[in-house]
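Same order as they appear, the protein sequences are chains A and B.
Quick note, the first sequence lines up with residues 1 to 228 if you use our numbering.
Quick note, the second sequence lines up with residues 1001 to 1178 if you use our numbering.
A couple of the hints might just be wrong.
[Stated by the list, open to error] Pulled a few chain B residues facing chain A out of the computed Cβ check, cut under 10 Å:
#: 1; residue: E1048
#: 2; residue: M1125
#: 3; residue: T1132
#: 4; residue: Q1163
[What the hints assert, rightly or not] Some chain B residues flagged as far from chain A (calculated, every beta-carbon gap over 12 Å):
#: 5; residue: H1017
#: 6; residue: P1030
#: 7; residue: A1036
#: 8; residue: W1082
#: 9; residue: H1124
#: 10; residue: T1141
#: 11; residue: I1152
I should point out that these hints are in silico values taken from the structure, not numbers from a laboratory.
Bear in mind that the values here come from a model prediction, so they are computed numbers and not experimental data.
Here a beta-carbon is modelled for each residue, glycine too, at the ideal position from N, C-alpha and C.
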Amino acid sequence: MSAPLLTATGVHKNYGNTQALRGVDFAIEAGEIVAVTGPSGCGKSTLLHCLAGLLSVDAGEIRYRDQDIGLFSEAARSRLRRSDFGVLFQFGQLVPELTAAENVALPLLLSGSGRKGAREAALGWLDRFGVADLADKRPGAVSGGQQQRVAVARAMVTEPKVVFADEPTGALDQLNGEQVLGAMVRVAREQGTAVVLVTHEATIAAYADREISLRDGAVDPTGLGVAP
Amino acid sequence: MSTAHVLLGLLAGGPRHGYDLKRAHDERLPQAKPLAYGQVYSTLGRLERDGFVAQSGQEQEGGPERTSYSLTALGRERLDAWLTEVEPPAPHVTSALFSKVVVALLAADADRARQYLTAQRAAHMTRMRELTVAKSSPGTTVGDVIAADYAIGHLDADLRWLQTTLARVADLQKEVTA
């Protein structure tokens, strides 16, 4: 088996006196979809933020393609996030003043792409998620499910190696959530993109190839998420 | 689910013979156990006796002679009544899952019950993943998706129950062994 794409080893993270992560190990292969599950407050979002380089760890290390990202400068980490990582949150991530196409094109423009090429790529990605007809609409003019499809397109437009999705369907009703997630997983598999999917819903975790469960900041081998 | 009522429903669109009813049943309800011919004919016999269906002709197209049946007015009333009745919201309290937890506590201890709950959760998650893959596969019909959703919803309910039960194992042990 090839070396994992991204690993966490013995990761600790504290918020003041609160231990959010207490020695978590995690690994994901290229193209793999892994759900991180557990009850509220178990540390799953913190783990996602550490893996994505959005938070630094207090102990342990995060390695991407066998490089310790904790040793990267902030600028290098920022470049990595733009080129190799895509992030997707529950809601509120689209810029309200920009159209859907402009929102999706934004990561490409920030990476130095030309305007015309970025718009063309954005339209292609909107089309893959079935929302090409909304290209010139602003987020406020479309439904929650459509906004989240635009957000997924934006997370994937740079063709990242890993997408970090934190409760990506949490603000949607079940059918819409399922359609958004189904589309994201289908495209991720076509692209060979790895996905770290944080969720507290078993029905959402079932879209992943496997899951790891956390409880009180540590891996919970029972997966049941409650203290025995 | 009552096979008799499903057959009444299949006859609502017009007369059909037994073979045709079996085929339509198996095609429309692919998750149900396929109907045996014997069951189709014995059910039609009972429905005819009770006045819900009537023989409406004989058909022979190169094969054996087949009797077609049609819905009577009484049968239509019965079908309508069945569609109006809600099914009892089943409490499922006799579940094998629950029995195993209690028996694990009686025959062994709380750890044995927790081991069982953990293994059961893993099995439920595996099945849920299989169903999710199946319903997301290209070429899946809407009927397949809805049938998978039904199964996934029930597995999800079980998973929630497994989780809360794990938290209650210690209390249950006190009660069971008191």
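Outcome of the hint check:
no.	hint	result
1	E1048	violated, 42 Å
2	M1125	holds, 7 Å
3	T1132	holds, 4 Å
4	Q1163	holds, 5 Å
5	H1017	holds, 39 Å
6	P1030	holds, 21 Å
7	A1036	holds, 34 Å
8	W1082	holds, 28 Å
9	H1124	violated, 8 Å
10	T1141	holds, 15 Å
11	I1152	violated, 6 Å
Going down the numbered hints, you'll see the structure goes against 1, 9, 11, while the others check out.
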